[in-house]
Amino acid sequence: MEQLNNLRALFCVAMLLYASKSDWLTRRVSNNVWIYSGSFAICLLILDMFLEGDPWTNWAIVFVSSILFYNAFIDEYDLEAKYLQAWKGAQILAGILFIAFIHFSDIDSLSENSLRAVDLFSVSLLIILMYIWYYFGPTIGGADVKAIMTLALLTPFSPSINPDLITAFDSRGFPFPFVVFMNSLLVYLAIPLTLFILNIIRRDISSPYLQMFVGVRMPISEARDSFVWPLERIINGKKILTAYVTRGEPEDKIWDSLEEAGVDKPWVSLKVPYIIPLTIGLIFSILIGDLFTTFLVAPLQNLF
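Residue numbers (the UniProt record's numbering): 1 to 304.
No lab work stands behind these hints, which were simulated from the structure alone. In this text, all values refer to a predicted model and were calculated from it rather than measured experimentally. The beta-carbon is built from N, C-alpha and C at its ideal position, and this holds for glycine as well. There's no promise every hint is true.
[Said to hold, decoys possible] Label pairs and their computed distance ranges (CB to CB):
1) Tyr135 to Ser39: 20 to 26 Å
2) Glu259 to Arg27: 22 to 28 Å
3) Leu47 to Tyr188: 31 to 37 Å
4) Leu198 to Lys88: 47 to 53 Å
5) Gly142 to Pro250: 20 to 26 Å
6) Asp264 to Leu47: 55 to 61 Å
7) Leu84 to Ile128: 45 to 51 Å
8) Leu10 to Val272: 21 to 27 Å
9) Phe213 to Ala81: 49 to 55 Å
Kindly produce the complete structure, drawing on both the sequences and the hints.
What follows is the structure in structure tokens.
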């Protein structure tokens, strides 16, 4: 199934490149991108399991992942009564099958079948984590969450485009969707350092310096038409600089007050869509491997 895994990975790259362009230009990505891609991913999984002769427990967890995925797009308030009952029934069945998978699947052993089950289980686990992150975690857009969910379905198994990938362990690495997610976090963490270097090159250096890690200076006329948050405010006639994004006050009002105070080039924070680091993280994962564990987790472990 190596060719199928490689096909999945390449399709996922193409999907995320398209979504990144759309999100960067408009800060919107059509749900159709995720629905069609996720449905295609589920069809590929079904084909894969038919060819591999997977046990019923693997079929069960794929059904669970599918219900979790479509749950992000189905509006129960718009469903007719007969369809709503069917959907509720599917959700209940998914819950039962999830418990059955945990009970009957031999995921504790190191056999090839059990490792495949772990990979399939990781899809459901990552989708659940995305729901938790969206509702309870730091700010993240709905498109970002749906992108990660779709990626998990598209790339449940590690591709073999580069057979010498860096892995977290000698025998094998983390499930591929988690490798991509962790690598995307590493890319996202690199953004502040990139901004700091950019500001030094542009000689936009000013105290308290922390804002150099989270933003850039931009003319107000350009900022008004860009996807940015203002990092400066006029409060009681004084210019106040913050190194974090604050919400609530209309941005047009903030730009107007800065302009009236004679601030031509305020500090702003770029609204970088998470889909972009996710795309870069996927490419790194395909071509290089688990960079997050290798360059961040492992060095920290060596300190203790």
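Hints, verified against the model:
For Tyr135 and Ser39, the hinted distance range of 20 to 26 Å is satisfied, since their beta carbons lie about 24 Å from each other. For Glu259 paired with Arg27, a C-beta distance near 24 Å keeps the hint of 22 to 28 Å intact. Range check, Leu47 to Tyr188: about 33 Å between beta-carbon atoms, so the 31 to 37 Å window is met. Remark: the range hint 47 to 53 Å for Leu198 to Lys88 is upheld by a beta-carbon distance near 51 Å.
About 22 Å separates the C-beta atoms of Gly142 and Pro250, a value consistent with the hinted range of 20 to 26 Å. For the pair Asp264 and Leu47, the supplied restraint of 55 to 61 Å holds, since their beta-carbon distance comes to about 59 Å. Evaluation of the 45 to 51 Å hint for Leu84 and Ile128 yields a failure: the beta carbon distance comes to about 23 Å. A C-beta distance of roughly 25 Å is found between Leu10 and Val272, which places it inside the suggested range of 21 to 27 Å.
For Phe213 and Ala81, the Cβ-Cβ distance of about 53 Å falls inside the hinted range of 49 to 55 Å, so the restraint holds.
Figure legend: structure checked against the earlier numbered hints; the only hint not met is number 7.
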